[in-house]
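There are 2 protein chains.
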Amino acid sequence: MEVKPQMTEGSLKSLLKSESADTPSGRIIRTLSERGSLSAAQIARITGLARSTVSTAVADLRRSGLIFDADPPESAESRAIGRPATALRLNPEAGTCIGVHLAIDELRVAAADVSHSVISEQNIPLPLDYGPDLAAQRLKDCIARIYAENGLRQSGLLGVGVSVSAPVSPDGSVHRSAIVPNWAGVNVVSLFGAALETTILIDNESNCSAIAEHMWGAAQGQDNFVLFTVNNGIGSAIMVDGRIVTGLAGGGGEVGHISLDPEGELCRCGNRGCLELRASFGWALLELSRLHGRPISIDAAVAMALHGDAGAIRLISDAAEVAGRGVAILGNILNPPLILISGALAKSGAILLDPLRTSFEKHALLKSRELKPEDRTRIIPGALLANDVVLGAVGLVLRHHGRIG
Amino acid sequence: MEVKPQMTEGSLKSLLKSESADTPSGRIIRTLSERGSLSAAQIARITGLARSTVSTAVADLRRSGLIFDADPPESAESRAIGRPATALRLNPEAGTCIGVHLAIDELRVAAADVSHSVISEQNIPLPLDYGPDLAAQRLKDCIARIYAENGLRQSGLLGVGVSVSAPVSPDGSVHRSAIVPNWAGVNVVSLFGAALETTILIDNESNCSAIAEHMWGAAQGQDNFVLFTVNNGIGSAIMVDGRIVTGLAGGGGEVGHISLDPEGELCRCGNRGCLELRASFGWALLELSRLHGRPISIDAAVAMALHGDAGAIRLISDAAEVAGRGVAILGNILNPPLILISGALAKSGAILLDPLRTSFEKHALLKSRELKPEDRTRIIPGALLANDVVLGAVGLVLRHHGRIG
Numbered sequence: 001m002e003v004k005p006q007m008t009e010g011s012l013k014s015l016l017k018s019e020s021a022d023t024p025s026g027r028i029i030r031t032l033s034e035r036g037s038l039s040a041a042q043i044a045r046i047t048g049l050a051r052s053t054v055s056t057a058v059a060d061l062r063r064s065g066l067i068f069d070a071d072p073p074e075s076a077e078s079r080a081i082g083r084p085a086t087a088l089r090l091n092p093e094a095g096t097c098i099g100v101h102l103a104i105d106e107l108r109v110a111a112a113d114v115s116h117s118v119i120s121e122q123n124i125p126l127p128l129d130y131g132p133d134l135a136a137q138r139l140k141d142c143i144a145r146i147y148a149e150n151g152l153r154q155s156g157l158l159g160v161g162v163s164v165s166a167p168v169s170p171d172g173s174v175h176r177s178a179i180v181p182n183w184a185g186v187n188v189v190s191l192f193g194a195a196l197e198t199t200i201l202i203d204n205e206s207n208c209s210a211i212a213e214h215m216w217g218a219a220q221g222q223d224n225f226v227l228f229t230v231n232n233g234i235g236s237a238i239m240v241d242g243r244i245v246t247g248l249a250g251g252g253g254e255v256g257h258i259s260l261d262p263e264g265e266l267c268r269c270g271n272r273g274c275l276e277l278r279a280s281f282g283w284a285l286l287e288l289s290r291l292h293g294r295p296i297s298i299d300a301a302v303a304m305a306l307h308g309d310a311g312a313i314r315l316i317s318d319a320a321e322v323a324g325r326g327v328a329i330l331g332n333i334l335n336p337p338l339i340l341i342s343g344a345l346a347k348s349g350a351i352l353l354d355p356l357r358t359s360f361e362k363h364a365l366l367k368s369r370e371l372k373p374e375d376r377t378r379i380i381p382g383a384l385l386a387n388d389v390v391l392g393a394v395g396l397v398l399r400h401h402g403r404i405g
Numbered sequence: 406m407e408v409k410p411q412m413t414e415g416s417l418k419s420l421l422k423s424e425s426a427d428t429p430s431g432r433i434i435r436t437l438s439e440r441g442s443l444s445a446a447q448i449a450r451i452t453g454l455a456r457s458t459v460s461t462a463v464a465d466l467r468r469s470g471l472i473f474d475a476d477p478p479e480s481a482e483s484r485a486i487g488r489p490a491t492a493l494r495l496n497p498e499a500g501t502c503i504g505v506h507l508a509i510d511e512l513r514v515a516a517a518d519v520s521h522s523v524i525s526e527q528n529i530p531l532p533l534d535y536g537p538d539l540a541a542q543r544l545k546d547c548i549a550r551i552y553a554e555n556g557l558r559q560s561g562l563l564g565v566g567v568s569v570s571a572p573v574s575p576d577g578s579v580h581r582s583a584i585v586p587n588w589a590g591v592n593v594v595s596l597f598g599a600a601l602e603t604t605i606l607i608d609n610e611s612n613c614s615a616i617a618e619h620m621w622g623a624a625q626g627q628d629n630f631v632l633f634t635v636n637n638g639i640g641s642a643i644m645v646d647g648r649i650v651t652g653l654a655g656g657g658g659e660v661g662h663i664s665l666d667p668e669g670e671l672c673r674c675g676n677r678g679c680l681e682l683r684a685s686f687g688w689a690l691l692e693l694s695r696l697h698g699r700p701i702s703i704d705a706a707v708a709m710a711l712h713g714d715a716g717a718i719r720l721i722s723d724a725a726e727v728a729g730r731g732v733a734i735l736g737n738i739l740n741p742p743l744i745l746i747s748g749a750l751a752k753s754g755a756i757l758l759d760p761l762r763t764s765f766e767k768h769a770l771l772k773s774r775e776l777k778p779e780d781r782t783r784i785i786p787g788a789l790l791a792n793d794v795v796l797g798a799v800g801l802v803l804r805h806h807g808r809i810g
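Protein chains in written order, with my numbering: chain H, 1 to 405; chain R, 406 to 810.
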């Protein structure tokens, strides 16, 4: 069948819009956009639609070229043996998405299509403490370049997902407790929306990481999990029944600012004795840099640990002990089947994970030793440590956290 | 239309069974059982079924006598003005449920029908440290008495919901960290199921409180909230999108055993420095009893505080400061729109709530003063402080947390 991409784009956007989202076709499109490829039976289960309703709508969507069979049916013989269900997938020509992570000194940009294929990844260096206007301009240029280089039409852009290292309010404003002070109070949805003339979806860094791990990484097929990030800061994200718990004001998952010691030292957030002060690696890097007489980055410290540097290993182990207390707090509150550890420090593997798991077991209420194997929380590293945040920003669009215009 | 209760009961049970739960009728029955009364439009929104599918199924269910119009349509004139949607409700004759709370020295028992009307409440005194067999026998006698006194047929019993003051594993076993040592490791589902010859559903005390507040109390219509209980122990429950987060092993909401001080005093749970040690009222009661030279119960202490006793007020205020830290931890992790405070200490009203709110504001990451009014978490007392736990145990059956046989 011939695909008519122009028509497909328009049809897809209208099906992703909130007005038409409640039709069976709209729900199927949204579910495929979120999950990648699914069988008709899986679609029925996830959407709650009757099987017959799904069949009818899928047939219409197939005819319009919006969805494809991801795996063409095998020969009659092999079908008779294994009876593999046909997986459905959105037509990659039906639309593209951009994700951008506002990192400390660069923009990390990724482009993907609605079939979940990543088309391009780019890093755009920026001065430290860059502001919103510069970021919007550089992002606009970068998107134009990606689309030109890959022969894509900008009319196919469904939206831009933005990840920031701070809680974000439901209307798209960065809360004051931001890592990048220039951004505090900025409404990124309005500002980027005006500059890029497209729909902007925004969430914080940890929520984006969790979305990426759910779509492409270590949490595929697992709709209930917690992600815990150990970086220069501490973050977390909570997925319950396939949805991120963003919270009323965007403050969900802010485990780093749990006050462990109300008489402790002042934190950048305005509270005292926060988990982040000792569980994150900011403080450890100062100590390591002082010892070696030169500034040492978190990635360099991880490399040193992996090469056997006893000081770096000890600092990671110390952070892991406190981080494990934070993970145990999440464990006591949510008792999830899976906890993913992400962030730069997770790249050290067992150097972080072993003491962190020991600390978790010590501080959690339900001890692994008393639970049946299937009732034990699994703590494993994320699978996308290099680029989870920017991929998750793409995922914001694919999951249409908000409205696609 | 004449109702045929015998047939209705059988039909209802079959629609509540997991095998048939995925038909439109099954989903509608489950939703009405959980929510009480709903319009057809609300049913469509909650179940995800198409409006036309709901209409067809509702017509069938009406004909079979399983569901009723809760509010008969008004005159043509008033309909034309306000157009109130007809609310649908399960036929109260279609089935009944029992809830029981295994309290420290008594069984609290309630009976309700599937239309959410409470039929009877009873307290059965038992010796301290009573065991499972005695409880099952007394409960069996009590149920027989309630059904006889109210002219109900025991064949209409859909199931018994059980609330225990400890985390419960998915298979219905009480975890070792129980308040009542006689119950540790007991599989209540098997034991009560055999004794009572009906379906047993079980959850911990705080989850039951939250279910009751959602069905009948201060969280009606609010599908995302946290309940925090201040008693001789500390508990909490988390509802996300209308479902309780029970956790993989039943450990969800165990905020009381978050270790605030890993070098602190040993807790009954085997950890050190748990929130519960200072936020609950167990320790305060020892101090108050010592001061007055006689044992003082938590209810007596609340009464003293309400009559102006400075010592009792101070102890509640001290507990509130620590409890507020716990509530802030839940706030930082979940950022819910609503936090209900329940438990015996909540009966002291502002004596507990005012310092607790102050402590929450101090320790939370997102400060109310910086948020728009609609983005602020509301902290209010529960509405069912006298009997939330036992009503929630009834609610376990109405919400069919598990399977109804």
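Hints listed in this document are in silico derivations from the structure and should not be mistaken for laboratory results. C-beta: ideal position from N, C-alpha, C; glycine also. Don't take each hint at face value.
Claimed, not checked - Where chain H lies over chain R, by a calculated footprint (3+ residues, C-beta under 8 Å): (1) 574-580; (2) 608-616; (3) 640-650; (4) 656-663; (5) 730-740.
Okay, the hints, checked on the actual structure:
1. For the region 574-580 of chain R, the assignment as covered by chain H holds, since 3 residues bring a beta-carbon within under 8 Å of that chain's beta-carbons and 3 suffice.
2. Judged by the Cβ-Cβ criterion of 8 Å, the region 608-616 of chain R is not covered by chain H as claimed, because only 0 of its residues qualify and three are needed.
3. For the region 640-650 of chain R, the assignment as covered by chain H holds, since 6 residues bring a beta-carbon within under 8 Å of that chain's beta-carbons and 3 suffice.
4. Given as covered by chain H, the region 656-663 of chain R passes the check, having 7 residues with a CB less than 8 Å from a CB of that chain where 3 are the minimum.
5. Requiring three or more residues with a Cβ within less than 8 Å of a Cβ of chain H, the coverage given for the region 730-740 of chain R holds, as 9 such residues are present.
The structure fails hint 2 only (numbered hints given earlier).
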